[in-house]
Structures are given as structure tokens and as C-alpha cells.
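Undergrad: With this note's numbering as the guide, the letters of the sequence shown map in order to residues 1 to 163.
Since the hints were made in silico from the structure, they are not lab data.
Note that CB positions come from ideal geometry on N, CA and C, so glycine has one too.
Just to be clear, a hint being listed does not mean it is correct.
[What the hints assert, rightly or not] Label-pair restraints from in silico Cβ distances:
{"no.": "1", "residue 1": "Pro105", "residue 2": "Arg22", "range": "21 to 27 angstroms"}
{"no.": "2", "residue 1": "Arg68", "residue 2": "Arg17", "range": "18 to 24 angstroms"}
{"no.": "3", "residue 1": "Pro105", "residue 2": "Leu2", "range": "23 to 29 angstroms"}
{"no.": "4", "residue 1": "Gly163", "residue 2": "Arg102", "range": "19 to 25 angstroms"}
{"no.": "5", "residue 1": "Pro105", "residue 2": "Trp65", "range": "18 to 24 angstroms"}
{"no.": "6", "residue 1": "Pro20", "residue 2": "Arg139", "range": "28 to 34 angstroms"}
{"no.": "7", "residue 1": "Asp106", "residue 2": "Arg22", "range": "16 to 22 angstroms"}
{"no.": "8", "residue 1": "Asp69", "residue 2": "Gly163", "range": "20 to 26 angstroms"}
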Amino acid sequence: MLVAVISDTHMAAGGRRRLPERCVELIRGADLVVHAGDIMSLEALAELEAVGPPVRAITGNMDGWELRDRLPAETELELEGVRLAMIHDAGPAAGRLARMRRHFPDADAVVFGHSHIPLHERDGGFQIFNPGSPTERRRAPHHSMGVARIDGDAIEFELVQLG
Numbered sequence: 001m002l003v004a005v006i007s008d009t010h011m012a013a014g015g016r017r018r019l020p021e022r023c024v025e026l027i028r029g030a031d032l033v034v035h036a037g038d039i040m041s042l043e044a045l046a047e048l049e050a051v052g053p054p055v056r057a058i059t060g061n062m063d064g065w066e067l068r069d070r071l072p073a074e075t076e077l078e079l080e081g082v083r084l085a086m087i088h089d090a091g092p093a094a095g096r097l098a099r100m101r102r103h104f105p106d107a108d109a110v111v112f113g114h115s116h117i118p119l120h121e122r123d124g125g126f127q128i129f130n131p132g133s134p135t136e137r138r139r140a141p142h143h144s145m146g147v148a149r150i151d152g153d154a155i156e157f158e159l160v161q162l163g
């Protein structure tokens with residue numbers, strides 16, 4: 001199973017910000033899209049859903065009430081034997097991996113966003129992954145997203161730099 005992993009798209013209704021073409025290509029080739037919050041509008045969610053694969057998303061701190069009424073603040077997904085959790089803000093860097101392991105004790109991995117800074121950390125069989133942002137890099141060196149490959153009971157993340 002191939003999962004496109006994005007966060008922090010910040011695409012306001014009527015705004016000019018769009019997903020980069022390479023991001024759209026990777027999403028089209030995926031079996032599922034997970035979005036770790038800060039979508040910004042129902043229109044942006046609909047645009048993402050129109051690309052093709054099913055979308056599982058959560059809300060972030062910048063999402064309005066219309067998204068909060070439709071999407072959870074956090075979730076856990078069972079994907080072909082792998083338990084993937086999502087939360088927007090995983091908190092301060094210090095102790096983050098252990099904190100996420102405690103918060104989602106049954107998860108194999110946690111996808112999060114908020115900082116716009118890509119991160120991938122592991123501890124044994126547990127991982128946390130922040131894909132950065134495909135549209136608003138802030139302090140990160142590149143726009144980015146992630147791809148997760150699930151095979152059996154294993155999940156492997158890859159960070160993809162976008163032009």
C-alpha cells in the first residue's frame with residue numbers, strides 16, 4: 001500500500017495557493033492520502049479529494065469550524081496490519097517521540113505537522129514523521145511531503161522534496 005503524507009497545506013478558500021504538480025502526481029499514484037491538519041477550508045479539502053485516492057484528514061490549529069465539524073482533531077487508522085496515528089501538533093521537540101508513544105500506545109507510527117519542518121525519528125518499531133509542507137515551507141529548506149509504503153506489518157516513510 002502506498003500512502004501520500006501531507007500536512008499544513010494552508011489553502012484558504014479563494015486563495016491562490018495550490019499543491020505543486022509533483023505533489024499532485026504523487027497523490028494520484030497513492031492508494032490513500034493522509035493530511036495532518038491545517039487544510040484551511042472545505043474547498044481545499046474538496047480539491048484534495050478530487051485528485052482521486054481516498055483522503056483521511058484531521059484538523060489543525062488554523063482550520064475553521066466548518067472543518068472542525070467534519071474532521072477529528074486526531075485519529076488512528078488500521079492500514080493493512082499497521083496502526084497509523086495522526087495529530088497536528090505533537091508538542092515541543094524535547095521528549096516528542098516518547099510523548100507520542102505514550103499518547104498513542106497502540107500505534108506503530110504517528111504522522112504530525114504544525115512546525116512545517118520535516119522530521120523522521122524512530123525508536124525500535126515505533127516512528128514519528130512530519131512531512132513538512134508542500135505549499136508553505138517557512139523555516140524549512142524546501143517544500144516537502146512524504147510517502148509511506150506499507151508492506152505486511154511494516155511501514156517505511158520517505159521524505160520527498162518538492163521543487
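Undergrad: Decide, hint by hint, whether the structure agrees.
TA: Cross-check of the supplied hints:
no.	hint	verdict
1	Pro105 <-> Arg22: 21 to 27 angstroms	36 angstroms, violated
2	Arg68 <-> Arg17: 18 to 24 angstroms	21 angstroms, holds
3	Pro105 <-> Leu2: 23 to 29 angstroms	27 angstroms, holds
4	Gly163 <-> Arg102: 19 to 25 angstroms	38 angstroms, violated
5	Pro105 <-> Trp65: 18 to 24 angstroms	31 angstroms, violated
6	Pro20 <-> Arg139: 28 to 34 angstroms	19 angstroms, violated
7	Asp106 <-> Arg22: 16 to 22 angstroms	34 angstroms, violated
8	Asp69 <-> Gly163: 20 to 26 angstroms	35 angstroms, violated
This entry does not satisfy hints 1, 4, 5, 6, 7 and 8, going by the numbered hints stated previously.
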